[in-house]
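Novice: The residues making up each chain are set out below.
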Amino acid sequence: MDKIKSLEDLKRVREEALKKREAKVVTGQKQIIVGMGTVGIAAGARETLKAILDFIEKENLSDIVVRQTGNIGLDSWEPIVQVIIGDEPPVTYGKVTPDVARRIMKEHVMNHTVVKEYKIET
Amino acid sequence: MRELALHLLDIVENSVSAGAKNITIEVIEDTRRDRLRMSVIDDGCGMDADTVAKITDPFVTSRTTRKVGLGIPLLKAAAEACNGFFHIQSTPNLGTRVDVEFQRSHIDRMPLGDLAGTFLGLLVGSPEIHWIFHYCVDDRQFEFDDAPIKQELEGIPLSEPEVLKFLRNTLELGIQDVQSAN
Chain D
254 MDKIKSLEDL
264 KRVREEALKK
274 REAKVVTGQK
284 QIIVGMGTVG
294 IAAGARETLK
304 AILDFIEKEN
314 LSDIVVRQTG
324 NIGLDSWEPI
334 VQVIIGDEPP
344 VTYGKVTPDV
354 ARRIMKEHVM
364 NHTVVKEYKI
374 ET
Chain H
179 MRELALHLLD
189 IVENSVSAGA
199 KNITIEVIED
209 TRRDRLRMSV
219 IDDGCGMDAD
229 TVAKITDPFV
239 TSRTTRKVGL
249 GIPLLKAAAE
259 ACNGFFHIQS
269 TPNLGTRVDV
279 EFQRSHIDRM
289 PLGDLAGTFL
299 GLLVGSPEIH
309 WIFHYCVDDR
319 QFEFDDAPIK
329 QELEGIPLSE
339 PEVLKFLRNT
349 LELGIQDVQS
359 AN
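Protein chains in written order, with the numbering used here: chain D, 254 to 375; chain H, 179 to 360.
Chain H with its partners taken away, still in its complex shape (with noise of 0.2 Å):
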């Protein structure tokens, strides 16, 4: 995986598989202390520390239970070669955080990709659950929350081409304009 993005896609379908009704993603770009941050914070079923330890291990993970896969431990490795680190907290029957820091302006540090589309797809694909999005460099701020958009549909499928087209928009312009700061 070449992105950042998709990385995150990647471990948010985690907590998609793990059941969760909220699900909120920070990503924050801080350029004067040179850091970026992607946070996948949910409220699934959580997991016992045993299987914490366990999971970003790719030589320990069984393949059978398909709970996670290698991707977890690509993005650790990813994130410790750009003096970063990986780190998360779960508590079974509540929820898991993931955090995952880099050094923003190191070399090795992936793009961070398609974002809008990134998370259209994760909105769009997974109705039911309640998205927030938090998207920010340094002062300027984006933060988009599902939860009025789907009020004011009644219903609605967010799937309906003027809906999509919406959605689209506002993801796009939104991230658009934080990142017009630097």
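So that you can see chain D by itself, here it is in the shape it has in the complex (with noise of 0.2 Å):
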């Protein structure tokens, strides 16, 4: 690949999210985070993540902070998926599919609707 080129391209890309962020009012920090411990990975948390990037490149949302960590402690629940809005407490999902992955974001982290079948209450 040639490096100048896409480094080029940064610049582009640089330019276009700093301009869309400017332009809107930056609310409530949304957080999402996947847990990909062996167990997770084994239940298919990396297809979950990858469901969840391609969510937000798809819908173009800005401001989401994507994030993985290790074992969370609830195996039989693989893969786990913990929502952070704001200043709401987390919401911790379980078998979360790369379909639920998507249905989360579009009603829980677009929509403020928490998907309550796939919700675990910690």
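Treat the hints as calculated values from the structure; they're not laboratory data.
In this text, all values refer to a predicted model and were calculated from it rather than measured experimentally.
For glycine and all other residues, C-beta sits at the position ideal for the given N, C-alpha and C.
Careful: at least some of the hints might be erroneous.
To be verified - Where chain D lies over chain H, by a calculated footprint (3+ residues, C-beta under 8 Å): (1) 294-302; (2) 331-345.
To be verified - Here are some of the chain D residues that sit facing chain H, going by a computed Cβ distance under 8 Å: (3) Asp-262; (4) Arg-267; (5) Ala-270; (6) Val-319; (7) Pro-343.
Put the two chains together into one complex, using the hints given.
Specialist: See the structure below:
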């Protein structure tokens, strides 16, 4: 891959991202955490994480922090995803397949409605 | 786990848990020698010789420590079943290096799988770590170092949609290009 060309691309990427961030009022921060321990990975956590990143890219969502973490200790519920919006208490979801992840992104992260069927009571 | 890229992700998680600031991942396919090697090099907290000796044994690993689980014994068994090996070198406070090698053409060798997806997840999911990915098939190479990218972005998160698209394209095209050799 041509390194210089790719750095020029990156400058454009940065400017686009900056423009968008300036244009919108920053609301409460949204954080999504995906459990990536051995059990999570074996249960499909990488595909779940990929589905979340794809969703952000396709829906053009700004200001979302995506994190991965090690084992959460709820093996039978893997893959596990936690959603934290602003000061609200974290919501933990279990058995989050890519389809469920897209639902959580749409209903909870975009529209503030918890997806009750997949919520784990902790 | 049905992909080498998933096993790779699993062992890299150990480097992340070990508090590494710099992690280098190498995947080297050598068709002439018929070998496939994956290496993970980190500067995390490392382990003493006793722990290193224990972690490849699934019956000794204590679940409560949770530093390493079943992931390593499974990968070691997979490598050894394919005329390969699993080797781990570690120094407390300096870091750890894991090498796992397979006979590339061995019938039981798992497919490499989604390397780009694995790298993207690591990069975006642990942005505080300096990542270097190195992938080569014979003479074709792809090297990805995230330091100049982060510098250019000046604090814009990697999870911004434009940045994600750029990273995904860079990784996917780079890996495809290396694989088009065969």
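Novice: Would you list, in rising numerical order, the hints stated earlier that this structure does not obey?
Specialist: Number 7 only.
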